[in-house]
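The residues making up each chain are set out below.
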Amino acid sequence: MVNSFTQQAELPLKVKQSINSVHRISLWKGSAAIVCSLAYDRVCRWELLKQTCSAFVILLFCVIRLSGIPGNTDLFDVRWGCLWPLGTPGPTTGPELELPAGICRAEDKICHRGTDSNQLITGQHSRSLRDACAADSGVLFQHLVHFEESWKQRTRKDGVRNQGQELLKWNGWGYNDSKFIFNKKGQAEFTGKRYRLGGMVLPTFKEWIEKTFGASLEHKTTSRTSLNVNDVPPSVVNEEFLQDLRATKISYSQDAEDRVFRAHGHCLHEIFVLREGMFKRIPDIVVWPVCHEDVVKIVELACKHNLCIIPFGGGTSVSSALECPEEEKRTIVSLDTSQMNRILWIDEKNLTACVEAGIVGQDLEKQLAESGFCTGHEPDSMEFSSLGGWVATRASGMKKNIYGNIEDLVIHIKMVTPRGIVEKNCQVPRMSTGPDIHHFIMGSEGTLGVVTEVTIKIRPVPEYQKYGSVVFPNFERGVACLREVAKQRCAPASIRLVDNAQFQFGHALKPQVASIFTSFLDGLKKFYITKFKGFDPNILCVATLLFEGDREKVLQHEKQVYDIATKFGGLAAGEDNGQRGYMLTFVIAYLRDLGLDYYVIGESFETSVPWDRVLDLCRNVKERIVRECKEKGVQFAPLSTCRVTQTYDAGACVYFYFAFNYRGISDPIHVYEQIERAAREEILANGGSLSHHHGVGKLRKRWMKESISDVGLGMLRSVKEYVDPNNIFGNKNLL
Amino acid sequence: MKCYTPVIYKGLSPCKPHAIKSAVLQSEQVQYVIKQLAKELGESPDIIQEEATEILDEMGHRMQLGAVRFFAFTLSKIFKQLFQRVCVNEEGMQRLQHAIQEHPVVLLPSHRSYVDFLMLSYLLYTYDLALPVIAAGIDFLGMKIVGELLRRAGAFFMRRSFGGNRLYWAVFAEYVKTMLRNGYAPIEFFLEGTRSRTAKTLTPKFGLLSIVMEPFFKREVFDTYLVPISISYERILEESLYAYELLGVPKPKESTSGLLKARRILSDNFGTIHIYVGQPVSLRTLASGRINRCPYNLVPRHLPQKPSEDIQEFVSDVAYKMELLQIENMVLSPWVLVAAVLLQNLPAMEFELLIEKTLWLKGLTQTFGGFIEWPDNLCAKKAVLSGLTLHSNIACLVDGHVVLNDKGVEDGAVGEIVFRRALAVLMCATYRNQLLNVFVRPALVAIALQMAPSFRKEEVYSCFSFLRDVFSDEFIFFPGISLKDFEEGCFLLTKCDAIQTSQQEIYPTDKGSGTVSFLSAMFRPFVEGYQLIFRYLSKEMKEAFNEKQFIPGARNFVFQLLEKGSTQCYEALSSDMQKNALSALVQLGAVKRKKTPNGFTYNVNQEAVSKILDMFDARIPVQKPVAARL
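Quick note, the sequences are listed as chains H and L, same order. Numbering of the first sequence is given in this note's numbering, commencing with residue 23 and proceeding in unit increments. Numbering of the second sequence is given in this note's numbering, commencing with residue 13 and proceeding in unit increments.
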């Protein structure tokens, strides 16, 4: 969406001229939005449009719109087929502020910003276009409308060190103010202003949820509204340790809420416990070191007093990695890294940055963007997860095709272990000094120590970014296309293929369309694809694309990918579908909380698999889930859907969503776990891996031996034994 | 015309037979082997590709609905002529219908006659189910027109042996797997590999079964259903042909003119056919927890891979399991009982006594779990009489006595008499054999009781276990569960009050002595026959020999003994028994088998064979490690 104006070049000359004139008018009228969005629209859609309406009609339409309605109303009316407003209406006072939000002026060019327009409009950050755009796309989470201060940086009024957790749900995913609800009319709605979906009505969602799960709005379960402090296991902390701790001036808390907040990740059973029960074992004390030295002190104290440390980053684990072992008798210290969140330095010559490990993904990107850089590491949890967490779990980001996974990004790691500090003597791209010690650290899941500082590769913020999507007649063709793209090594920053069920799921999350024209065009598009091209809406599937880089190359790249797609029967399906697809991955986590209110439980899991087995694995795992549900007495067929979410030379990463309606089942969590286990068995039997990026934690430990052999496991054990002989880092993950 | 719209597999991607063929030729599997062979033989891949195409053309089916309709029409006429009734379990057909829609299906019928697959196809057609593609021996192709018709009705042909030909194997395996993966049609083949000439279930062949199981092992399909089908004939179409064949008169080559000559059998009556379509068995369920998936995950799936040992073991277990399921659902006609009684009372038996004995045997069979087609209101006399009428070529009623129908016995040379007799006995034995599957476990316990020096449990069990090993090719035993078989035998014998068991001992009751002796008499032909053959091997075979020398030799040996009258064991003339006895010795290690370019050669270890013979005669105790659980 950035830099969209430059797309004029692709429009026929005549139209371009007219747009230029409209452009001028619109600026005068403060209604740049129309032009912007007109030009912004994708070339291919433009061509589709050409076939259906003449350019004349469109211009006429624009003129009508211009004269009739002030500019700062909804924008998507004129963005044919575009379903997303570019931004919410901006403030309406002051001459400049008449510009609709999302449209701002930088020098003499127009730049559309989907986010945080105020900043630029006030002129405090007047920069060149490149910088402005860089700042915009550098932050890159276009799913977020508002950039508030990140939750981590909040400071409590009482002066206690800024846990920031009050911004987040205590018994569900994400921000307190963002959630799916059913409004008074019974329509689904997403609250809050943080996401693009915020405040929008989703008219078809209710029907979808009823149809898919057999759920009914009348049958509701409710979570406890707040934590019952009396249920919380008491904090047992040795007084000597407390004295030592106070002496270090490191802030700490024994508050029940603080401790419960750090006793879990986001596995289904953990959320279920929060809503309806209580953990048997939670941390006894939470500490907030602010720098590497603090961590060293804490680990020393832990060794001295024989305590158990569980490092805590963003708390987004989905592998039971944060759960405290029930049988742990020692005091459990939750070491929250969130206050170690500074960028220590940026080395522009070598394109590296040294960052404290507690920094949260979105803060890291935002702060780097201020200098015009980014890491490009965007896991779906990046709003909440931390750099240290990424290292500890071998995380993978959405845009790994350009930037690489965490193991490709990391240049240097500093980790505090009970044995001392482990680090290298230099910061070099590669070295041949025996097995890479980084690989003991990455994926160690908090069993060896605390990662305190990481030197990570950075890149200049890309000039241009573009979404896209392709419809395929069926999943098989889609996978074949992705395989070909991977083979030719021309994968865009991100390329994902969702199956039909997930496509329909995405469809159900389409917000209300405000104008007849848009719905008319939607209908037209649907007609074109299903009737004219003969795609079966119950079989077709969609690939979503994200291109990044400099403009020329992106366009070239885009053409290459679309050409390949055409060979496999794919049809370009517009930017919005693509963008919505990526948005979905961020809000989908919120959906589970809604489901939980209506007897629907669900979870996602992932694997990696060689190319030739992708189709078989997807089919078999989905089928296995359906079958297991049936056998376990689940009354309604479950949602069992997958997407191919990453491509590699030798294989792909596949991501599954699985949810079912548990009414009539007495122990839903147990049933759920059995099914999840069966699904994992199935994945392994189909030649898939135990995990691509979620990690092992305690949830998947039982398959470790099978995964890496006895000897392999022994190798890991011996490292653990040397580094941490007294099991100070006793979260019992992995081994 | 019948409206034929069969239910099909839900994941089916419809394709024509020739599309399948080209998919097979282009498949990675076949292309890999072609490239390999081209490299090894130094020929151009095109030539080998050409060869593969030829193989495929020779093999492939060309199912056409027209041909199917024609077949169905003719068959219905012929079947009506031949058989009185065809009984099918309807719920089995319904289960099959569901199964076909859900997962790829493999039909595993028992094989007693050529009628098997014609009947099955006809049946599926009648029930509006997808017609199976059938693995048939390539000798059918020799039949003009009919071979082609069969092909168009969905048969595909395989060479009887192609172990050495890698290209053939690759093309064949891929062809079968492609059809299975696509869910094109149910695949049908016979676990026994060939028609059982003796009506006993033959030991299974594993090749085709492991091919159809492979897509599941490699997870190319979610599951595969194996459907055991038991087809029981009241009278087998080829009965006399089989008897001749067993006695060494060569099997006529399949030819169309032969088929025309055989038309006179149309005027004959062959009674009822019972078809029991068993519960579809999910391969996934069978395999759960048994298969180590590593070997399949670590090698690209298109590379030909020798199945690992545990896979081989699994395939063998499944094969035996399926055969046991077939056996379980076989329907026994009253004539089977009559034949069993009659064979113990040769040369003639009083009619009334026969009826009485038959009734007694009926009770015993039912106790042992055999399923007899004997309507409640049918009196024993009628049942026996109708059996005799149907099988008038085997036995007949003369002056209130039932005698074997061995015409021409009075006049003619001794050899001729023996041959005629043997023919009649073997034909009769074919029917008794149907009973053996039900009786084998208790009967072996009964024989072991007689063999063992004392009634101590361990000793009886070691005798049982010895017999079970010796007869492992003769009867179907699930591999490796000797103890369980023993317990089952004991249980059944206890159930009919024939034996009593205590902590330490097993001993026959007074009441049960009749049962025990009947049972051992029932299996005596096998015990004696094996002894004769073993004796032949230990005495006559000093040098290496092959099967072609062994069978006529053994036959002559037994024949002479019969002529002299020093034995009455006509069944030892059966080439089937001779082969089984030989392979039992191979398995017991008393005969060494070597592979040569012209088949197998055998070497007898005289000492070991005579030791086994001694064990039979209970001259030396059978020594076996005794299971701890006893």
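A portion of the hints provided could be inaccurate.
Said to hold, decoys possible - Dumping the calculated DSSO-like pairs for lysine-lysine here, alpha-carbon to alpha-carbon at most 30 Å: (1) 581(H) x 548(H); (2) 228(H) x 215(H); (3) 228(H) x 589(H); (4) 388(H) x 532(H); (5) 318(L) x 233(H); (6) 51(L) x 509(H); (7) 589(H) x 22(L); (8) 654(H) x 22(L); (9) 652(H) x 22(L); (10) 555(H) x 509(H); (11) 723(H) x 302(H); (12) 548(H) x 22(L); (13) 560(L) x 523(L); (14) 607(L) x 576(L); (15) 555(H) x 233(H); (16) 51(L) x 555(H); (17) 553(H) x 28(L); (18) 509(H) x 47(L); (19) 393(L) x 553(H); (20) 217(L) x 469(L); (21) 496(L) x 555(H); (22) 393(L) x 727(H); (23) 589(H) x 623(L); (24) 446(H) x 371(H); (25) 207(H) x 548(H); (26) 333(L) x 652(H); (27) 654(H) x 333(L); (28) 553(H) x 532(H); (29) 217(L) x 589(H); (30) 509(H) x 532(H).
To be verified - A few chain H positions that, by computed beta-carbon distances, are all more than 12 Å from chain L: (31) 441; (32) 584; (33) 631; (34) 635; (35) 643; (36) 646; (37) 670; (38) 707; (39) 708; (40) 710.
Bear in mind the hints are in silico, worked out from the structure with no lab data behind them. Where is the CB? At the ideal position from N, CA and C, for every residue including glycine.
Here is how each hint holds up against the structure:
no.	hint	verdict
1	581(H) x 548(H)	23 Å, holds
2	228(H) x 215(H)	21 Å, holds
3	228(H) x 589(H)	37 Å, violated
4	388(H) x 532(H)	28 Å, holds
5	318(L) x 233(H)	48 Å, violated
6	51(L) x 509(H)	27 Å, holds
7	589(H) x 22(L)	27 Å, holds
8	654(H) x 22(L)	23 Å, holds
9	652(H) x 22(L)	18 Å, holds
10	555(H) x 509(H)	27 Å, holds
11	723(H) x 302(H)	20 Å, holds
12	548(H) x 22(L)	27 Å, holds
13	560(L) x 523(L)	48 Å, violated
14	607(L) x 576(L)	37 Å, violated
15	555(H) x 233(H)	27 Å, holds
16	51(L) x 555(H)	46 Å, violated
17	553(H) x 28(L)	26 Å, holds
18	509(H) x 47(L)	23 Å, holds
19	393(L) x 553(H)	73 Å, violated
20	217(L) x 469(L)	35 Å, violated
21	496(L) x 555(H)	63 Å, violated
22	393(L) x 727(H)	68 Å, violated
23	589(H) x 623(L)	73 Å, violated
24	446(H) x 371(H)	20 Å, holds
25	207(H) x 548(H)	28 Å, holds
26	333(L) x 652(H)	27 Å, holds
27	654(H) x 333(L)	27 Å, holds
28	553(H) x 532(H)	22 Å, holds
29	217(L) x 589(H)	46 Å, violated
30	509(H) x 532(H)	33 Å, violated
31	441	35 Å, holds
32	584	27 Å, holds
33	631	10 Å, violated
34	635	7 Å, violated
35	643	9 Å, violated
36	646	7 Å, violated
37	670	16 Å, holds
38	707	5 Å, violated
39	708	4 Å, violated
40	710	9 Å, violated
Of the numbered hints stated above, those contradicted by the structure are hints 3, 5, 13, 14, 16, 19, 20, 21, 22, 23, 29, 30, 33, 34, 35, 36, 38, 39, 40, listed in ascending order.
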